[in-house]
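Peer 1: Take these sequences, add in the hints, and give me the full structure.
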Amino acid sequence: MQYQVLKKINFNDFIASLAKIEKVVAPVARGYNTFSFQEVKNGQDVAVKYIPTILPPKKYFFPQREKLIEFNKNAGTFEALLEYEKMVIFGVHTCDLAGVQCLNMVFSDKPKDINYLVRKNKIIIIGLECNEYCDQYASCKVVDNHLPNGGYDLFFTELNDSFIVHVNTIYGDELIDKTRLFNPAEQIHLDQLEAVRQKKREIFKEEVKVTHNDLAKLFDKSFDSKVWDDLDARCVGCGNCTNVCPTCYCFDVLDNMNLDFNTGDRSRMWDSCQNEPFAKVAGGENFRKTRGARQRHRYFRKFKYPVERYSRYFCTGCGRCTRTCMAKISLKETINALVDSKEEQK
Amino acid sequence: MKTAKLTDSEYLVKAGKIIRARQMTKIEKLFEISLPGGESLDHEPGQFVMVSIPGVGEAPLSISSSPTKRGSFEIVIRNVGKVTNALHKFDTGDTVGIRGPFGKGFPVQILEGNDLLFVAGGLGIVPLRSLINFVIDNRRDFGKVTILLGCKTPQDMLFGDEVDSWSKRLDVNFDITVDRCEDPDYKGNIGLITKLIPGVTLDPERTFAAVIGPPVMYKFVLIELLKKEIPERQILVSLERHMKCGIGKCGHCQIQNYYCCKDGPVFTYEQIKDKKEAL
Ligand SMILES: Cc1cc2nc3c(=O)[nH]c(=O)nc-3n(C[C@H](O)[C@H](O)[C@H](O)COP(=O)(O)OP(=O)(O)OC[C@H]3O[C@@H](n4cnc5c(N)ncnc54)[C@H](O)[C@@H]3O)c2cc1C
Ligand code: SF4
Ligand code: SF4
Ligand code: FES
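Protein sequences, first through last, are from chains E and L.
For the first sequence, my numbering begins at -14 and goes up steadily by one.
For the second sequence, my numbering begins at 4 and goes up steadily by one.
No lab work stands behind these hints: they were computed from the structure.
Built from N, CA and C at the ideal position, the CB exists for glycine as well.
Be careful, since some hints might not be right.
Below are the BS3-like pairs computed for lysine-lysine, each with C-alpha atoms no more than 25 angstroms apart in a straight line [unchecked claim]:
#1 E/K52 x L/K276
#2 E/K327 x L/K276
#3 L/K8 x E/K52
DEER-style ranges, computed between Cβ atoms [unchecked claim]:
#4 E/S21 x L/K279: 51 to 61 angstroms
#5 L/G116 x E/A312: 48 to 58 angstroms
#6 E/A312 x L/K279: 47 to 57 angstroms
Peer 2: And the structure:
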């Protein structure tokens, strides 16, 4: 059966029994209106209603710091390694599912990134539907991520007193079998699911002044827009926006020597295109010297370059960059400003 | 957290043995490197390798030797910072980590049968030498060959003996200029490399130009080449960017939708002319 049902009264048992099988991480409340993915043992730990977490689940697929090779200097040996952890991620919203799909495309593009690809296959993903908007910063509809587009093993949608669960893979199916808390969905559940989706189609409207398809075209003409000058004046170049973004994957490669001054490792660490030296070369030239040029690069890496390379937007509409920016640079406002400045040019 | 060994990681390095080291100028040092078991690097002219020292880090460096030279390859390192400084302390017998070759080099199959105009400024000679020597070693497969070189002062010229031998060849047109020279006996050209281009006679339809130099040089050289009516598709440049992975992932080297490390570093002028951050 493709759809199963879990009664809400059984939710705590579900998480608890899952946690006995595998490490489980899920959104957990961390102070006022702030959430993060953390290990959980029990359903009570899980924030079923949450706005996008500080960091997206990216941190499990592409860790902030990851060892790539270990060396022994005196012996002259190098060994490539992979760090991984089996886990189940519960409660991934559709925007973050899209984020993982974007990373999958990047790291399976040739040459393949074995570290990422092996690690990803150790992780089981349980999605969770947003029945309404999380907050005013989200823009998931315009990038078409407000409804599930795959990328999960199981997908939960909250109904009145139960969750209806779409079983998408055999790994998801196994969890259903092992936890023994699910019943096949009946017509009434499917009807309720359809009602949720119907209501969502009414609530979720394109959040900016441009349609899904025209968004890419907007960026065809926006390279020299004055909007980037405005961002140049406001952005402080802190790199928060890229750190919290589910589809930003730039990294630095760094060596770390142990205290024996002989063994150590070469690791990769999240980096940000918003940092000034990011594109600087030895001759002293910096190909994106200004904060405006670096912000433009960030936007073009969401709405233009990946469309050419991977035929999809690399913005999931999660709103994290806007929520986190201390300069109050808003993704939706920036897109609208680009639309307006194009109108003025006409 | 578990760890496993990987045998197919893109980050795995080979132990490259320095079989010859030579201080070329105060800040430039040449290494000839061989791979374990005499394995061939198997590169195309214009490609680069990631060279590393455990505990210090990696740096992208052009392969300066031609693939026609077997058994070892050469790199030239200008001392500018952390990794390059540490490399300068290395000598014959020392081991460095090697990954690669990476990137798209010069399309040698396409170049065959055509006339070639080489333009190298400053350190640009290091990567361009790979193609120049490839062409010289396969001289009969190419048409007319012209080499134009520029550097700061006569003392800064790298590969002096080799450059001398190119200049003496009857099957190569050669010219060189320096920015300045204090030696009163110096009889050569003084001035920018752009000044050498108008004097070259060429058949634009069958000429490919290969240009490598510092970013400031490109704009001026390109103008001169376009004046000569060489088609945009036949002008090849090699671009330098900050590079950390070499395999199109880390994002540092991005030029709009190109990854310089993977889609380049060699590009045609046609490919990059509309890319605003390219030059
Ligand atoms: C394709 C390519 C081919 C190159 N070929 C040669 C060559 O043949 N000979 C040569 O001497 N140099 C070459 N370079 C430049 C060389 O890679 C840099 O000088 C070197 O990486 C600097 O490292 P560092 O640790 O010594 O410098 P740092 O101390 O890290 O920094 C010094 C300066 O170098 C820049 N830089 C740092 N890391 C990199 C990096 N990974 N890539 C580019 N710039 C960086 C910094 O922004 C800074 O401006 C090449 C670069 C590229 C991209
Ligand atoms: S846009 Fe905001 S979050 Fe991003 S670098 Fe600028 S100031 Fe920081
Ligand atoms: S650009 Fe902003 S809204 Fe889009 S995916 Fe990244 S953090 Fe989310
Ligand atoms: S060097 Fe990492 S993407 Fe090119």
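Peer 1: Within a Cα-Cα threshold of 25 angstroms, do L/K8 and E/K52 meet the stated pairing?
Peer 2: The given pair, whose Cα atoms are some 11 angstroms apart, holds under the 25 angstroms limit.
Peer 1: Do L/G116 and E/A312 keep their Cβ atoms within the hinted range of 48 to 58 angstroms?
Peer 2: Hint holds: Cβ distance 57 angstroms, inside 48 to 58 angstroms.
Peer 1: State, for the Cβ atoms of E/A312 and L/K279, whether the hinted interval 47 to 57 angstroms holds or is violated.
Peer 2: Violated, at about 24 angstroms.
Peer 1: Sort out whether L/K276 lies within 25 angstroms of E/K327, counting only the CA atoms.
Peer 2: Status holds; Cα separation ~24 angstroms.
Peer 1: Is the Cα-Cα distance between E/K52 and L/K276 25 angstroms or less?
Peer 2: 39 angstroms, violated
Peer 1: Within 51 to 61 angstroms: is that where the Cβ-Cβ distance between E/S21 and L/K279 falls?
Peer 2: 38 angstroms, violated
Hint compliance for this structure: hints 1, 4, 6 are broken, all remaining hints hold.
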